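**Q** This is what each chain is made of:
There are 4 protein chains.
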Amino acid sequence: MKNVPLKGVIAYPITPFDALEKVDIPLFKKQVERLVVSGSDAIAPLGSTGVLPYLSDEEKEAVAEAAIQQVAGRVPTLLGVSNLTTERTVYHARFAEAAGATALMIIPMSYWKLSDEEIFRHYDKVAAAVSIPIMAYNNPATSGIDMSPALLRRLLQIPNVTMIKESTGDIQRMHLLRKTLGEEVAFYNGSNPLALAAFAAGASGWCTAAPNLIPELNNALYKAVLSGDLDKSRQVFYRQSELLQFIVAKGLPRAVQAGLNLLGEEGGYLRSPLMPLTAQEISELERILSLVHSPAPLDQSFIS
Amino acid sequence: MKNVPLKGVIAYPITPFDALEKVDIPLFKKQVERLVVSGSDAIAPLGSTGVLPYLSDEEKEAVAEAAIQQVAGRVPTLLGVSNLTTERTVYHARFAEAAGATALMIIPMSYWKLSDEEIFRHYDKVAAAVSIPIMAYNNPATSGIDMSPALLRRLLQIPNVTMIKESTGDIQRMHLLRKTLGEEVAFYNGSNPLALAAFAAGASGWCTAAPNLIPELNNALYKAVLSGDLDKSRQVFYRQSELLQFIVAKGLPRAVQAGLNLLGEEGGYLRSPLMPLTAQEISELERILSLVHSPAPLDQSFIS
Amino acid sequence: MKNVPLKGVIAYPITPFDALEKVDIPLFKKQVERLVVSGSDAIAPLGSTGVLPYLSDEEKEAVAEAAIQQVAGRVPTLLGVSNLTTERTVYHARFAEAAGATALMIIPMSYWKLSDEEIFRHYDKVAAAVSIPIMAYNNPATSGIDMSPALLRRLLQIPNVTMIKESTGDIQRMHLLRKTLGEEVAFYNGSNPLALAAFAAGASGWCTAAPNLIPELNNALYKAVLSGDLDKSRQVFYRQSELLQFIVAKGLPRAVQAGLNLLGEEGGYLRSPLMPLTAQEISELERILSLVHSPAPLDQSFIS
Amino acid sequence: MKNVPLKGVIAYPITPFDALEKVDIPLFKKQVERLVVSGSDAIAPLGSTGVLPYLSDEEKEAVAEAAIQQVAGRVPTLLGVSNLTTERTVYHARFAEAAGATALMIIPMSYWKLSDEEIFRHYDKVAAAVSIPIMAYNNPATSGIDMSPALLRRLLQIPNVTMIKESTGDIQRMHLLRKTLGEEVAFYNGSNPLALAAFAAGASGWCTAAPNLIPELNNALYKAVLSGDLDKSRQVFYRQSELLQFIVAKGLPRAVQAGLNLLGEEGGYLRSPLMPLTAQEISELERILSLVHSPAPLDQSFIS
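Residue numbers (this note's numbering), protein chains in the order written: chain A, 8 to 311; chain B, 8 to 311; chain C, 8 to 311; chain D, 8 to 311.
Just chain A, with the same shape it has in the complex (with noise of 0.2 Å):
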């Protein structure tokens, strides 16, 4: 695999606000900071946990900088740049590069749906305008549109479009791309709940928000895996795969938030129309977050 920079428990920030709801750069700093020193393989600012599209344009650049600036090159920056016209795209990709991003997120979103060509050419522009390689991120969920393995091996003739991002949550689907696209490609689990048979079944990476509440179990995760242990693996998925299906299920920037608050970290505030959990929501929370913390203490050689 050349021109992949990324593997291992890749980590999203939120984009955190002020009680006026502007952004809280700041804050969002110290939490970028927590993420690289618990030992994240990766950062990645600006994608649907960093609220991406409820920034301005320049909401969006002040972010990207103070990322690049706070991970210093300790660990490798994806960037996230999607935006629903090219001409946006390409803009915010260019200011990335220069801002010193290591790699770019692009899902393609769209309010109408988009055709394998318009997909093709949307990509094919933005990556003729950088240098630094591409993560091609499919998420029906979140983007309208479901792209099929037929059309990512396709953008992987883009030259620097080389990474896949895969987010549907269905395990079939990675076991096809990875027959589609070869053993070589490198493709990345979006969905939390699937970390467990998405590294079974051969993915690089994890694309996660956990860190920011439970790095230490995400990262003994990717170690156990590593090691070809089957068993550690399920183990230490199952102390975690709670969290994940609340994370996902209540939203990942609204969770996180909360579950900052509930670690005596900061949260911040959100940007209407998010609203922060309800008090039943945190409880559950709660409950989760300490079962996850406290009980029967993890194999320390899994911790590290």
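Some hints could be false.
Remember, identical chains collapse to one label, so a pair may be satisfied in a single copy or spanning two.
Restricting the straight-line Cα-Cα distance to at most 20 Å, the calculated cross-link-like pairs of lysine to any residue (SDA-like) are [as the list claims (entries may be wrong)]: (1) 230 with 138; (2) 132 with 282; (3) 14 with 209; (4) 230 with 62; (5) 186 with 157; (6) 37 with 10; (7) 120 with 153; (8) 120 with 149; (9) 120 with 151.
None of these hints come from the bench; they were simulated from the model.
Small disclaimer: the values here were computed from a predicted structure and weren't measured.
Starting from the known structure of chain A, arrange chains B, C and D on it as the hints suggest.
**A** Structure of chains B, C and D alone, referenced to chain A:
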């Protein structure tokens, strides 16, 4: 029904672009004029057909002003002001009211799925910022959210939310809406292929891009329905049903642009990543349009 | 339309059981008699409502003979003879023809999904074994197979396959059917909640279990449609729409049995695993039936 | 886990027919023998693969007796006794127990959707009629009912319902099952393409028709999983994944029959309406089988 200024055929213009993908305001005005003079009961710019989400704030304002200026009060103007964030939706709602819009159309756009409470607060804040009536628009295929009849009923408690536009494409939903909301609540059909069934079910109006291409048939259907004539309604509907299915299947902005060109009007350009219909699709549209326009002439009493 | 002996309200009796879960033929005959004298345009035993798949071969034969004997030619009899295997379907088709059925209804039951070719051959073999006309019935919710309009058109090439019953619950499908099959082909609506929309779309008849409970309203809807009066059709439809939705939601045999008991008729027993409606469901049905039957009397001109 | 007599690769024979579409018992016995001697951990006749619903009562009994006689206790025998009515299910369950079956597999067949209460009573009555353990089988694609984890947990309260077979094809469901039912409950995977992911998730066994064609690879996967070796499990899985997808996509009885013929074994005939694979499908299967069987030989340590 009070504060319900709309009924009949509510025509949706596209937003045309020039060769450099800039909004083409003079062409837009010509297209709006065609919709008015061909007998539409209202004009609705900046909807899905008008590629609202692909426009910058400045472009939205220019389109809104141009539309209101061109319509010049001859029929009501329904302006789309939907946005992912509440703050931007309020901003555009105020702009539209100041510019002279008759009413506002708002769909709860979402990237992260919104809870009922989040949706209610969103509408409540926007409605409180203006005095003109609001049409709440349900279209899960584009917004990613399916507002239940129960939620729509709740939205109608907000004083100036007075109209419901329903686009799930399921006629049973309209029956349920009417049962849930009561006979006196105005609901509008936004699913072109359901035009006949929705009018049969009691819809007050039909939100449609079809008048860009076949205004006489669209108006004739409404007239037949108004006269309570089921057989004539059916006859007029089947004359246009294939075109209605085509423009929905291909995407309204793309299909309308191609159709305008086929009719000898100017369709303008699309904004990337949207691409023109393929040659084969254009041939198919030409065939359908020729069938609609030429052969067995409609009973003249329907076209007036 | 030749060889099309059915139109209007086609009434589906249940198959009642006694306390030991044996088929109760005397009660079945009483229920059939009610359907005939209340004005149904045809009687259709051994459909889904008649729990065909839950009966032994001997029971099916007894029910078929009892129905034809009781109807005694006053209206046409449409007999269900569907079976998983072709051999058994042929067997029951021949039995039904010999017993005097007017026409046969056949759904392509499946455990394993059938290909179009398998379905065509199945109908072809059965049709070749009898001389009476056959109604091909599409209902993916119960059969597990969704027959496309293209396949249905192919089935109509078999000489005595002359009628289509469509129960997907999607009105757009009926529009497509009419466009695909041509105006002269008889299609029937098997989805109760679509009764108004399907008649508006041009359906020749309505296959329904509702006449077991509200025959006067079912007949009034057909009469209003025949007279081409859209407003009256709508009024009559909304009088019965809640009941139509209820009996579909709860399962036709269970809902009809409970409703007959509420109306002071004998509903008989169900065969396990089917169980009676719960007390709460029965109360709900009672409320709906009382609304349908009592208040604002229908304009008498519709009830005849 | 008590009263759980099954684990590993549970092999499903087809039910072969002769040229006149009669059940071919001698050929069936040969096919069962192949499954036993090739190393299957259990034999499961009269499942979906064995076209249970297409057989008469007498045929089911003949197949059950032949299977038990042929297996002769070398491995456990899991017998399918599902039926639409409770009475017939009880009948076949008693027959199977008397004939010597080790355990019973029961799917809640449905024509009319069953409520949770109806399903529970159904299992409860059948289980009370026998003493051997029962596997509750969830497969909405064939049964039309999706049993929730909560319902499955309730079924496990019935003393001799001790095993769960899950075939929704969604790996997240298995995670939820294990969380809902507890680690000590035996669950089995019935979705061939999920074989690796289900074992990774902790499934006790794999219910599969694949051993009719590739027993050595199926057994090798289970062995690799048992040894806890993730990399070897993945390697062995991807060797067979294309075949697993093919046999599911084409229907297990049709695909197995064709595959047996390609392998030089006797596949027998199918019962109408099921038809043999097309020539093109057979070529495709031949290609897949040749890839599976010939090239890069598997590391011998997996095949034993």
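**Q** All the hints need checking, so say for each whether the structure fits it.
**A** Checked hints:
1. In this homomeric assembly, residue 230 and residue 138 never come within 20 Å of each other (Cα to Cα): the closest approach is 31 Å inside a single copy and 46 Å across copies.
2. Taking the closest pair of Cα atoms, residue 132 and residue 282 come within 20 Å of each other only across two copies (13 Å); inside a single copy the shortest separation is 36 Å, beyond that limit.
3. With identical chains, the CA atoms of residue 14 and residue 209 are at most 20 Å apart within one copy only, with a shortest distance of 12 Å there and 26 Å across copies.
4. Neither within a single protomer nor between protomers do residue 230 and residue 62 lie at most 20 Å apart by alpha-carbon distance, with minima of 35 Å and 46 Å respectively.
5. Taking identical chains as interchangeable, the C-alpha atoms of residue 186 and residue 157 lie at most 20 Å apart only when both belong to the same chain, with a minimum of 11 Å there against 33 Å between chains.
6. Taking the shortest Cα distances, residue 37 and residue 10 never come within 20 Å of each other, neither inside one copy (30 Å) nor across copies (50 Å).
7. For a Cα distance limit of 20 Å, the shortest separation of residue 120 from residue 153 qualifies both inside one copy, at 10 Å, and across copies, at 18 Å.
8. For the homomeric pair residue 120 and residue 149, the shortest alpha-carbon distances inside one copy (12 Å) and between copies (9 Å) are both at most 20 Å.
9. With identical chains, the CA atoms of residue 120 and residue 151 are at most 20 Å apart both within one copy (7 Å) and between copies (12 Å).
This entry does not satisfy hints 1, 4 and 6, going by the numbered hints stated previously.
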